[in-house]
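Sequences listed follow chains E and A, in order.
Just so you know, we're using the working numbering here: the first sequence kicks off at 3 and counts up by one.
Just so you know, we're using the working numbering here: the second sequence kicks off at 635 and counts up by one.
No lab work stands behind these hints, which were simulated from the structure alone.
Positions of the beta carbon are idealized from the N, C-alpha and C atoms, including for glycine.
Warning: the hint list may mix true and false statements.
[To be verified] Here are a few chain E residues that face chain A, going by a calculated C-beta distance under 7 Å:
| # | residue |
| --- | --- |
| 1 | PRO50 |
| 2 | GLY54 |
| 3 | LYS98 |
| 4 | ASP99 |
| 5 | ASP281 |
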Amino acid sequence: MSGTAPEIVPGWETVIGLEVHAELATVTKMFSGAPNRFGGEPNTNIDPVSLGLPGTLPVLNGRAVELAIRVGLALNCTVQRSVFARKNYFYPDMPKDFQISQFDLPINGEGWLELADGRRIGIERAHLEEDTGKSTHVGGGGRIHEAGHSLVDYNRAGVPLIEIVGRPDLRGAEDARAYVSELRSILVAIGASDGKMEEGSMRVDCNVSVRPVGQEELGTRCEVKNINSLRSLGRAIEYEARRQVDLLTAGERIEQQTRHWNEDEGRTHKLRSKEEAFDYRYFPEPDLMPVEPSEEWIAEIRADLPPLPRERRHRLAEAAGMETSAAALTVDRGLDDLAMATIDLGADAGRVLVHLENNLADGVGLLTAGSFTDLIALETGGDLTATQAKTVLASLVAEGGDPAAIASAKGFESMDSGELEAIVDRLISEHPDDWAALTAGDDKERKKKSGFFVGEVMKATRGRADGRAVNELLARRSAG
Amino acid sequence: MSARHLAEAVRSGARSARSVLDEHLDAIAAREPEIHAFNVVLADEARVAADEVDRRVAAGEDPGPLAGVPVAVKDNMCTRGIPTTCSSRILEGWIPPYDATVVERLAAAGAVMVGKTNLDEFAMGSSTENSAFGATRNPLDTTKVPGGSSGGSAAAVAAGFVPLSLGSDTGGSIRQPAALCGVVGVKPTYGAVSRYGLVAFASSLDQIGPFARTVSDAALLLEVVNGHDPLDSTSIPETPADLTSVLDRGVEGMRIGIIEELSGDVLEGIAGDVRARLGEAAAALEAAGATVETTSVPSTVYGLSAYYVIAPAEASSNLARYDGVRFGLRVDAPTSGDMHTATRTVGFGDEVKRRIMLGTYALSAGYYDAYYGKSQKVRTLIVDDFARAYGRYDLLLSPTSPTTAFDLGEKTADPMTMYLTDVCTIPSNLAGHPSMSVPFGVGDDGMPVGVQVLAPAMGEPAMFRAAAVLEAAAPPGAAS
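Bound conformation, chain A alone (with noise of 0.2 Å):
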C-alpha cells in the first residue's frame, strides 16, 4: 500500500496508526537480521508515536499529511534523545539536545519514526559498507550492496520496512541506491529542504530528499519536508511549486536532452543493459508526446573530480570538530593535541581519514589553486553547461548508476572504482540542481535499473511530470 493511501485511511479512520505501525514492525522483525537496513528501531518510540496519531483522529483532529505512516530517517539527522551516530565510532555516546527540521516537519505531518537507518561513515561511500556498524545488504539479492551512502534507507524502502525515508545526497548518495535496490530516490535542488540538523558531509553539496516506492510518494514526502528553514541560511526563501497536483500532467511537448557524455562511449563502464534501458525510458517519454534527442554537456566529464576536491575539502573542515572534547567519543592522552589525534585514530573509519586528508591537502597553501581553486572553476563551467542545455531543453535524462547492484566486498579495496558509481550523479550535486532515480527495469542480473531525470534549480514540477510517465511505462521491476 502506498503512503498516500495509508495516510488517507489512517485520518479517515479506516485504518489505525498502531495496526499500520505493527504490521511494519513485524516486517522488520523478519528481515532485518539479514538486511541491516537500521542502525537503530524505535520501536517503543513509534508505537507512542503511533498512538498519539490514533488519539488525534479519535478526537477529530488531522494528524496532518503522513497521519500514522511509518518512516525511516538516515542515521546522519539529528534527533533529540535518540543517538544520531552517522555510522561512525567518532559520535559513540552522543544524544543530541535538538531534532533535525526534516524531523520536525515529518513528527508535524503525522510521520511515526520508526528507526534511523545504516550509511556509510558520514555519507562517505557508495555501497553502506563503510560502516562502523557493519553493512547493509540489498534486500532484491542480499549478496549485492544497496548501494550508498543512504543504503539503509533505501534497503528499508525496498524490503517493505517502511513507504517512506529519508536520505541524504551529496554526490548521489540517494539516486544511486534507489537505483540499485528499484526505488524512487529524489535529490531536490540545493536549499529546498533545510539542512539544520543533518551533520554535514560536504556543506554546499549536501541536499535531503525522499526514498518512496512511487513517484506519487516521493512527492508527498518531499512537499511534507522541504520549505524555508530560517535556521538554514542557504535555505530557499520563495515559497515550494506544488508538486502532487502536477503528477499527472505528462510530457507532451517538453523537449528532453539525453546526455551523451553520461550514456555512451564517453567514459568508460556504462554497462550496456543500462544503456539499452534508458533507451527504452526514452522511447517511452516520446511515446507520450515529448522530443527526446541526444545532447552534449561536455563538462560534465570533469564533475566527478572536482566533486573529489570540493567534498573532501569541505569534510575535512566540517569534520575538524570531532576532537573528543565536547561530544562522541574521547581517547584520553597527555595533552590537548594528543587526545584530539587518538580520539580522531580510534573514531574514524579508513574512508573518512582518506577525505580527511585528501580535503587538508586540497586546502593547503601552495595547492589551494591547483586543487581547490581549479575544482571551484569546473564546477562553474558544469554551471554554464548545464544553463546552456536547459536553454534548449526543460529536462535531460541520464542512466543513475553505470551499473546494477554489485557484489558486498566487490569494490571495497579499490577506491576508485567506488568513486566511479557516482560518475552519472554527481554534475548535480555540484550544479545544485534537483535530480531523481526512478525504476526502468532491470539489467541482464535481474536487478533494478534507475533513470534518472535532471531539471533546472526549482524544475522539481517537470522532473516529477516525467518520472511520473516513466514509472508508468517502466517494464516489469525486479522480484524481491
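Chain E on its own, in the form it takes in the complex (with noise of 0.2 Å):
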C-alpha cells in the first residue's frame, strides 16, 4: 500500500491513524433519560445521572447499542459481546470523573472500510463510551491557565459515542480526508450519526509518523487532537509530517506525544509526553451487565442496513463499466440510483455519470429515469449537440416534460446534412482568405480558422449545428 500516495516531504513517508468519536443519534443520553440534543441553554438537557450526582446508576441506552452494532456491521467488524469499563482521571467538566467507556472487550472487533479507490483501511475496534460535558474558560483569552474562572456545560454529558479506532494504514493528508469522508458517509447513511464535524458530532484525533520510503518499521507516533474540519485534518498532518522529518534530519528524536493543533497558528504544540500520560486505571464497569447480543438481533440489525457507500460504488461501477473511483461522486451525491435507473433504461453509462457529475451538482429535481434515458439517446444519436442536451437537461429538471418536445420548442431539432453543407460553402467562398489560411496553414494556424469557421456556422445556425460535424465538413473540404 506504500509509494502511491504523494510524499509531503521528498523521500518521506506519512503514516496515518485515526481515532474517530462520532455522537450516536440517539433521542436519549446513553445512560439516562437526559435528551440527547445539540445546542439549548447551558445545563439544560440534565438529570441526576448525567450530572453523576452521588447515588445515580447508569442504565444503557439500548438505541444505542443498536446503533453501535450498526456501524460494526457496516464497517465490516466482529460483533461481540462486551463489558462496560470506567476510565478514571479528574476533569471539571466529566460528571463521575470517570469516563463509562469499553476497554478489552469493545462491542465492536477488527473490521475494515473500503476508500473509493478501492484501498481497505484496517479498523481495530469500535467502541461505545460516553461524551463529557463542555467547559469555557472566562477571561485570560479562553486559556485554561490565564482565565479568571471556568464554566462547565454538562448539555453533552453523557451523550452516546462510537470510538472509531483505525489502523495506521492512511498515508498523507489526501489519504485521511479521504477516510473520514467515507466513514462519514457510512455513519449517516445507517442513520447511525449526523456525522457533523462543526457541531463536534463528529471529532477526529489523528495518529501521523513519519518514515523514509522504503523503511518497513513505523516512526515514534504523535497524536494531534483538536482537529475539528476536514482542512483542519489535512493542515495538521502537513504541519506534523514537516515537523517530524525536520526534527529527524537534524538527528533528533521523536519524543512520543500528545500535541494540540491551533488553527489560528496552523501549527501543533506538545500537550503532554508519553511519560506524562495519564494512567486510566481501567477496570469493568461494576453498576453495568455485560452486553451480550444475540445472533438473532445482529441478524436483524444486519437486515436493516440500507446499501453502503462502498456497494453502492461498486453496484454502479459494475452497471456502468467503470471504475469504482468513477463511480464515487455520483454516489457521495447520493444520485447512485437515478444511475442505476437511466442505465438500465439502455442509457449510455458514460454520459449519464458526465450529466450527473457536471450537469447535476444543484440537483436533479423533476427529472426522471425515463426522461433522462430519451435525453441522453437524443444526445448520442446526434439529435441533440452536447450544448443543446445540456440546456434541455436544465429544462427537465426545472420543469419536467419529454426532452424532445422541449428540443424542438427550443428549435433544436437537428440539421440535415445537406443544409450544414449549403452554410459551410457559402461561409468558404464569403471569407476566402481565411479559408486560405486555413488550407495553407500549418496545425496551429488550421485549428485557429477552424474555430472561426465553427463560430460562423454557429452564428448562421443560431447554434443549431453540431461543431464536430461542422469540424468533420472543413477536414473534407479542405483535403478535398
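Join the two chains, each given in its own frame, into one complex according to the hints.
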C-alpha cells in the first residue's frame, strides 16, 4: 500500500491512523433519560444521572447499542460480547470523574473500511462510550491557565459516542480526508450519526508518524488533537509530518507525545509526553451488566442496513463498466439510484455519469430516469449537440417533460447534412482569405481558422449545428 | 411492640400513626443525646407523614403494610429535599433532588421516616467512629461501639427509637452492628434491593437491608423494599419470594453446615463466648430437626484480603466525583486541579483517604494484575467454594462478629484489627449471597452475640426460617 500517496516531504512517507469519535443519533443519553440534543441553554439537557449525582446509577440505552452494532456491521467488524469499563481521570467537565467506556472487550472488534479507490483501511475496534461536558474558560483569552474562572455545560455529558479506532494504514493528508469522508458517509447512511464535524458530533484525533520511503519499521507517532474540520485535518497532518521530518533530519529523535492543533497559528504544540500520560486505571464497570447481543438481533440489524456507499459504488461501477473511483462522486451525491435506473433503461453509462457529475450539482429536480434516458438517446443519436443536451437537461430539472418536445420548442431539431453543407460552402466563398489560411497554414493556424468557421456556422444556424459535424466537413473540404 | 403489630393497629384504626410517632419521638428525645444514632431527626416531616397516614385511614384507604411505622434510614440513602451526608464533610450543603428507590418504597408502604442515621464516613468502617459528626454509642453500654458502618441504624432499633431501620452492607455493615447491638440485621442477595439512590461505596458489594428487633419484622421490611427496579441494572428481574408466609415452617430436614474456617481455630480471634453461643445455636437447630455438621469452605479465609483490594478499588473510582465542582464542599484554589486537591484534603476523613489510596494503587498500571486481578480470582474461588458447600447444605452457619461490642477508641489506632472484625461477614458480599445476623444470647461481658445464617443466592426463605428457629430458641438477650 506504499508509494502511491504523494510525499509531503520528498523521500519520506507519512503514516496515519485515525481515532474518530461520533455522537450516536439517539433520542436520550447513553445511561439516562435526559435528552440527547445539540445546542440549548447550558445545563438544560441534564438529570441526576448525567450530572453524576451521588447515588445515581447508569442504565444502558438499548438504541445506542443497536446503533453501535449498525456501525460495527457497516465497518465489517466482528460484533461481540462486550463489557463496560471505567476510565478514571479527574476533569471538571466529566461529572463522575470517570468515563464509562469499553476497554479490553469492545462491542465491535477487527473490521475494515474501503476507500473509493478500492483500498481497505483496517479498523482495530469501534467501542461505545459516553461523552463529557464542555468547559468554557472565562477571561485570559479563553486559555485555561490564564482564565479568571471556568464554566461547565453538562448538556453533552452522557451523550452516546462510538469511538472508531483505525489502523495506521493511511498515507498522507489526502488519504486521511478520504477516510474521514467515507466514514462520515457510512455513519450518515446507516442513521448512526449526523456526522457534523462543525458541531462536534464527529471528532478526529490523528496519529502521525514518518519514515524514510522503503523503511518497514514504523516511526514514533504523535497524536494530534483538536481537529475540527477536514481542512484542519489535512493541514495538521502536513504540519506534523514536516515537523517530524525536520527533527529527524536534524539528527534528533521523535518523542511520543500528545499534541494540540492550533488552527489560527497553523501549528501543533505539545500537550504531554508519553511519560506524562494519564494512568486511567481501567476496571470493569460494576454498575452495568455485560452486553451480549443475540445472533438473531445482530441478523435483524444487518438485514435492516441500507446499501452502503461501498456497495453502491461497486454496483454503479459494475453497471457502468468503470472503476469504483469513477462512481464515487455520484454515490456521494446520492444520485446513484437515478444513475442505475437510467443505465438500466439503456442509456449510455458514460454520458449518464458526465451529466450527473458536471451538470446536476444542484440537484435533479423533476428529472426522471425515463426523461434522462430519452435525452441521452437524442444526444448519442446525434439529434442534439452536447450543448443543446445540457440546455434541455436544465429544463427537465426545472419543469420536467419530454426531452424531444423541449428540444423542438427550443428549435433544436437537428439539421440535415445537405443544409449544413450549403451553409459551409457559402461561408467558404464569403471568406476566401480565411479559407486559404486554413488550407495552407500549419496545425496551429488550421486550428485557429477552424474555430473561426465553426463560430460563423453557429452564428448562421443560431447554435443548431453540431460542432463536431462542422469540423468534419471542414476537414473533408480542405482535403478535397 | 413489633412493627407488624404497630402497622396492624394503625391500619385498623386502633392506634393513630401520630400517637405511635410521638411515642417514638419521646424515646428519641430521652436518649438520643447520649447515643447519637441520628445525623438528623426529621420530627416535623415525620408528623406531616404520620398525619397523612391517619387521614388515609380515616378516609377508608389502606396506607400500606408499614402504615404509621416509624423508620430510620442510613444517611447514605438519598432523600429529596433533605441533606444526605454519608457522615462526611465533603457532602456539606448537598441536598439531593431525588429519593432513593428504597425511600420511595418506604413512603409508598405508609412508613414514617423519622430521621437519617449516623454511619462511618461513606460506610467505611466497623464501629461508626469514622463519622465526621461524632461516634454513635451502643445503647446497651454507651462505653462500647455499636459496630458499623450502619451503627446509627442498629443503635436506633436497639434503643427503641424506631422498630425498623435500613442500613447498607458492603462487607458486614448491617450484620456486624446488628450482632453488636443485639438486633436482627439482614444483607439480602446482591440485586434483591435496588441500589438506586444509595451513595456508592463499592458497587459490586453494596446491598441495602433491614434492621429489626424481630425476624418477622425484618422480613416485613425486606418485603417492602425488595423487588426489581429498572433504575438499577444489577437489580434482580424475578419477583422475590414471599418471606412472611414461610417464617413458621421450621428447619425440619434441612442440612446446615457450620463453616469451620470462620468458627474455630483456623482464624485467630474468634472469642470463646462467641464460639459457645454458636455451638448452642447449632444445637437448637438440630433440636428443631435440622442436620448440623461442621464443614470446610476453605477460601473464605482469603475473603478479607480480597475485599480490602476490591472494595477500595471501586471506592477510589466511586468517590472521584467529590471534586468540589458540582455539589457539596468546595475549597477554592487557583486552578481546578488545586481545587480538587484542596476540597478532598479537607472534605474526606483519614479512613476514606486511606481506602482511596489503597484502591488507586491496586488499579494502577503495573499493579493491577497483582492486586485487583488476583483479588477477582479469589472472589471466583470463594463463589466456587460456596457452590460446592451448597451442593451439600441448604444453609451455612458462622459467628457474625468474632467478638462482642468493643470499647470506643479500642481499635481506632490500628486499622488492621478494625478490618478483622468483618472477617466472617465479608465472604457473603464477595459471593453476592444473602446472610443475616440473629441475636443469640450474650457473651461473658453481658453484651449480645450474633449468629450468622448464610444462604445461596435467592435463598432468603430458608435463611429466614432458620433465623426464626434461632430467635425462638435464643437465650435471654442483653438488658438495655
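A quick look at each hint next to the structure:
1. Here the hint on PRO50(E) is kept, as its CB sits about 5 Å from the closest CB of chain A, short of 7 Å.
2. The criterion of a C-beta within 7 Å of any C-beta in chain A is met by GLY54(E), whose closest approach is roughly 5 Å, and the hint holds.
3. Contact between LYS98(E) and chain A, as hinted, is supported at the beta carbon level, the nearest pair being about 5 Å apart and thus within 7 Å.
4. With 7 Å as the threshold, the beta carbon of ASP99(E) comes within range of chain A, its nearest partner Cβ sitting at about 3 Å, so the hint holds.
5. The beta carbon of ASP281(E) is positioned within 7 Å of a beta carbon in chain A (closest approach about 5 Å), and the interface hint is therefore held.
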